[in-house]
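What follows is the residue order along each chain.
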Amino acid sequence: MTSRYDSIFLDRVARAIVPVVQIFAFYVITHGHYSPGGGFQGGVILAASIILLRISTGEESFERFPRQAGIGLAGVGALLFALLGFLPLLFGGAFLEYGMAIPGMDPVTLRYWGIFFAELFIGFLVWGALVAIYDALTTGGVD
Amino acid sequence: MSEVVAGYYPYVMVGLLLLIGFHGMAVKRNYMKKIIGLTIFQTAIYLLFIQGAAKSGATIPVRSTEFGTAAANYINPLPQVIVLTAIVVGVAITGVALSLMLQIHRRYGSLDEEVILKQVGEEA
Amino acid sequence: MRILAVVLMALLGGALAWGAQGLPPRGDPGSPASSHEGVSVHYIENAYAESRTPNMVTAVLADYRGFDTFGEAVVVVTAAVACLLILLRSGAPAGGASTGAGGGAPGRRKEPS
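From first to last, the protein sequence lines stand for chains G, C and X.
Under our numbering, the first residue of the first sequence is numbered 1, with each subsequent residue one higher.
Under our numbering, the first residue of the second sequence is numbered 144, with each subsequent residue one higher.
Under our numbering, the first residue of the third sequence is numbered 268, with each subsequent residue one higher.
Calculated from the structure, these hints are not laboratory results.
These numbers were taken from a predicted model, which means no experiment stands behind them.
Positions of the beta carbon are idealized from the N, C-alpha and C atoms, including for glycine.
It is possible that part of the hints are untrue.
No farther apart than 25 Å at their CA atoms in a straight line, the calculated lysine to aspartate or glutamate pairs in the DMTMM-like style are these [claimed, not checked]:
1) C:K171 to C:D255
2) C:K198 to X:E312
3) C:K171 to C:E265
4) C:K198 to X:D295
5) C:K171 to C:E257
6) C:K198 to X:E304
Simulated coverage check for chain C against chain X, where a stretch passes if three residues somewhere in it have a Cβ under 8 Å from a Cβ of chain X [as the list claims (entries may be wrong)]:
7) 163-170
8) 190-199
9) 204-217
10) 229-238
11) 241-255
DEER-style ranges, computed between Cβ atoms [to be verified]:
12) X:A282 to C:Y152: 17 to 25 Å
13) G:E60 to X:A282: 49 to 57 Å
14) G:D106 to X:G305: 24 to 32 Å
15) G:E63 to C:R250: 27 to 35 Å
16) G:R4 to C:K176: 25 to 33 Å
17) X:S302 to G:Y34: 25 to 33 Å
18) G:R4 to C:F210: 47 to 55 Å
19) C:F210 to G:F24: 24 to 32 Å
20) C:Y152 to G:R67: 17 to 25 Å
21) C:I203 to X:L290: 21 to 29 Å
22) X:R269 to G:G72: 46 to 54 Å
23) C:A215 to X:A282: 27 to 35 Å
24) G:R67 to C:I203: 39 to 47 Å
Build the full structure now, drawing on both the sequences and the hints.
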């Protein structure tokens, strides 16, 4: 389970389609306003692309996406989401009340962009967490 | 009779999946099969929530200009939100369950429940 | 043990069948979940006016019920950290150290006889 699946066909095809899958995943995340999708779905697609890279290219994928990067990305995503929630508290609003995050701006526009950034941070969080779980199961955890 | 069947067939489907998942968790001896039974059980619960969101003659909850804002034209978005969250949490829980199973295998050398319980009884 | 499990399954099936009689039929627009004025009807009618978002599911997930989404995000990160901590092996660099060269795993290791 810890070594790559040794097939040149799989190697070449995976190298070709992983960038396309990642672009599609970012499309799903950013179009969460207008079509079914959003942060969770896009994050899972991104994690699936990294897992495909791990299965098909083995050791080389650890140079492109290091072993500790998974849990670090998840932590950064959670921290940014918490900071986005604390920002309205400075200006008299409630926690995660995007309408009062920046005084003076239109609350409808602020809620639109608040939903967008919340989905983006959730996408990074789910990406990092699922890649961290896969790496822990196959290579026995970090030291 | 056909109205009863048309109105209640989702609950029969959910009940069957619940019983299959419960059978997998309670009767099977291998830990991997128990985890698969847990996953089937979770899937049955997601289906139960989604069935509660359906409305006859309504469309997906993305606002379009031809349907306006009448609430009877869109299906209920709230159960979909809870199932969306629950699916990702279910994947994380399956990851923790698989890592526990891997650690048990490293410690006892087997995945069969009765072999492991016999070893635990000998060590105690 | 198996007889007990089969009896429990029969009881569970009976309880589900008895409880399903109180549930509304599928697709009923007048069911209590779909016609609640304060929650479901309010979200469908006012999501676009209050946040300019056509997708009601995303508006409910990230705006109206954002606190639940924040708690769920913390649960996912906690599960990933727990998964890493359970499988921690000190001393071994990468996986595949099945010959015991890693050492430090909790508990005894089976001696190859």
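Exercise. Do the beta carbons of D106 of chain G and G305 of chain X sit within 24 to 32 Å of each other?
Worked result: holds, 26 Å
Exercise. Under the criterion that the straight-line Cα-Cα distance not exceed 25 Å, is the pair K171 of chain C, E265 of chain C satisfied?
Worked result: holds, 23 Å
For this session: Take a look at whether the Cβ-Cβ distance between A215 of chain C and A282 of chain X falls inside 27 to 35 Å.
Result: holds, 34 Å
Problem set entry | Satisfaction of the hinted span 17 to 25 Å by the C-beta atoms belonging to Y152 of chain C and R67 of chain G | Because 48 Å falls outside the window, the suggested range is violated.
For this session: Measure nothing beyond the straight line between the CA atoms of K198 of chain C and E312 of chain X; if it is 25 Å or shorter, mark the hint as holding.
Result: holds, 16 Å
Problem set entry | Supplied distance hint 25 to 33 Å, evaluated on CB atoms of S302 of chain X and Y34 of chain G | Roughly 27 Å apart at Cβ, these two residues keep to the hinted range, so it holds.
Exercise. Under a C-beta cut-off of less than 8 Å, do 3 or more residues of the segment 204-217 of chain C approach chain X closely enough to confirm the stated coverage?
Worked result: holds (count 9)
Problem set entry | 25 Å limit on alpha-carbon distance, applied to hinted pair K171 of chain C and E257 of chain C | holds, 11 Å
Exercise. Does the segment 190-199 of chain C contain three or more residues whose Cβ lies closer than 8 Å to a Cβ of chain X?
Worked result: holds (count 6)
For this session: Indicate whether the distance between the beta carbons of E60 of chain G and A282 of chain X respects the range 49 to 57 Å.
Result: Between E60 of chain G and A282 of chain X, where Cβ atoms are some 54 Å apart, the hint holds.
Problem set entry | Verdict for I203 of chain C, L290 of chain X (Cβ pair) under range 21 to 29 Å | Once the Cβ atoms are compared, 23 Å apart, the range 21 to 29 Å for L290 of chain X and I203 of chain C holds.
Problem set entry | Hinted pair K171 of chain C and D255 of chain C, Cα distance within 25 Å | holds, 9 Å
In this structure, only the earlier hint numbered 20 is contradicted, and the remaining ones agree with it.
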